[in-house]
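Protein chains: 6
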Amino acid sequence: MPVVTIQMSKGRSLEQKRQLVEEITNTIVNTLGVDPGWVTVLINELERENIAKSGKLLSES
Amino acid sequence: MPVVTIQMSKGRSLEQKRQLVEEITNTIVNTLGVDPGWVTVLINELERENIAKSGKLLSES
Amino acid sequence: MPVVTIQMSKGRSLEQKRQLVEEITNTIVNTLGVDPGWVTVLINELERENIAKSGKLLSES
Amino acid sequence: MPVVTIQMSKGRSLEQKRQLVEEITNTIVNTLGVDPGWVTVLINELERENIAKSGKLLSES
Amino acid sequence: MPVVTIQMSKGRSLEQKRQLVEEITNTIVNTLGVDPGWVTVLINELERENIAKSGKLLSES
Amino acid sequence: MPVVTIQMSKGRSLEQKRQLVEEITNTIVNTLGVDPGWVTVLINELERENIAKSGKLLSES
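In order, the protein sequences belong to chains A, B, C, D, E and F.
Just so we're aligned: the first sequence equals residues 274 to 334 in the numbering used here.
Just so we're aligned: the second sequence equals residues 274 to 334 in the numbering used here.
Just so we're aligned: the third sequence equals residues 274 to 334 in the numbering used here.
Just so we're aligned: the fourth sequence equals residues 274 to 334 in the numbering used here.
Just so we're aligned: the fifth sequence equals residues 274 to 334 in the numbering used here.
Just so we're aligned: the sixth sequence equals residues 274 to 334 in the numbering used here.
Just so you know, these hints were derived from the structure itself, not from any lab.
Heads up, the beta-carbon is just placed ideally off N, CA and C, and yes, glycines get one too.
The reader is advised that the hints may include incorrect statements.
What the hints assert, rightly or not - Ranges of calculated distance between the beta carbons of each label pair, as one might list FRET restraints:
1) ASN303/D to GLN292/A: 28 to 34 Å
2) GLN289/C to GLY306/E: 42 to 48 Å
3) SER286/A to SER286/F: 32 to 38 Å
4) GLY284/D to SER327/C: 35 to 41 Å
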C-alpha cells in the first residue's frame, strides 16, 4: 500500500509513463512517509471510444 | 464526479457503446442533478477468458 | 457481468440510489441484451474531502 | 456479489487463469458461505510497462 | 503486483477476512509463482444499500 | 480524464490529502499536457483490517 491507479486514454509515450510513475511515487513517499517499496502504481489505458464525458465518446467529440 | 466504470466482455459495437454512455450519463444527470460535464463514464472491456462466474471462465462455459 | 461501479460523493438518498440502479440496469439490459440477473451495480460513496477536481478537494472548493 | 478483481501483468497461461478463478471462487464460497453463482472474478491484465513498484516501471526493472 | 480487490457487503468477521486474505494470497503465490511479499489484497466493504442485482438494492431484496 | 484513484489506509490528515491531490494533479497536467479541469483524483480510504500484504492483515502485522 498505497496502490495508485491511473485511468487514461491510450497513446502516451514510455517516457511519459516513466515520469508519471516516478513523480507520483515520490509524492506518495514524501506526503505519507511510506517506503517506496510499498507503493504500487498501475496504469489502465483505455481506447478513446471507451471514455465518455458529457455523454459523448471521446473518439467522437 | 461521478465516475461510472462499466466492466464488460469485449465485442460490443460502437453504437452500443454510444447508447450506453449517453443513457447512463442522462440517468446520473436526472437522478443526482449534476452537470453533464461532471460525469465521466469509462468502459473496461475484458476478454471472456478474463471473466469468471461460478468459478468457470466465460470462454469455457 | 457486466459490473457497473458508480463512484460518487456521499449524501444521496435511498430513493436516488434506487432510481440509479434500476435505470442503469435497464440501460445495460436493453443495450447489451443481457439478462438482468447478470448485472451487478456497485455504489462507492466517497467523502467530499476524498474527491478532487483541478487539484482541489471538493470539500474546499 | 462478491466481485473479485485481480490486477496482474500480462502473459499468464489459460491454465493458470482457470486455476486462479476456481480456487478464489472456492475460497469465497467456503469462507463467506455465498452461492458460487453469486461470485464474479475479473482478471485485469496489464502490460509490464503499465505497472510500477518503487517508482520504476516493471518493464525496466 | 498482483493486486486483488474484493468488493463485498459489510458485516463479515475479522476471522473471515483473515481466512480470505491468507487463502487468496496462497492461491496467487502457488498459481503464479510470485513472492508473497508482492501480493496485495484489498477488501472494499459496501453497505447492502450500495449493491444491486437485477436492478434491486440488496437491502431491499 | 484522466482519473487517478489512490487506495490507502485510513487516518491521514486533511493537509496530507490536500498535498496529495494537488501534487498528483500537477504531475498529470505537466506530464500529459491535459487541462487541470479534466483531472479527477479519488481517495479510497481502507481500514487496516481490510488491507493485506504477504497474506497478513495490516491490522495484525
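Hint-by-hint comparison with the structure:
1. ASN303/D to GLN292/A: 28 to 34 Å: Roughly 45 Å apart at Cβ, these two residues miss the hinted range, so it is violated.
2. GLN289/C to GLY306/E: 42 to 48 Å: With a Cβ separation near 46 Å, GLN289/C and GLY306/E satisfy 42 to 48 Å, so the hint holds.
3. SER286/A to SER286/F: 32 to 38 Å: Holds - the Cβ-Cβ distance for SER286/A and SER286/F, about 36 Å, lies within 32 to 38 Å.
4. GLY284/D to SER327/C: 35 to 41 Å: 38 Å, holds
The structure fails to meet hint 1 from the earlier list, while all remaining hints are met.
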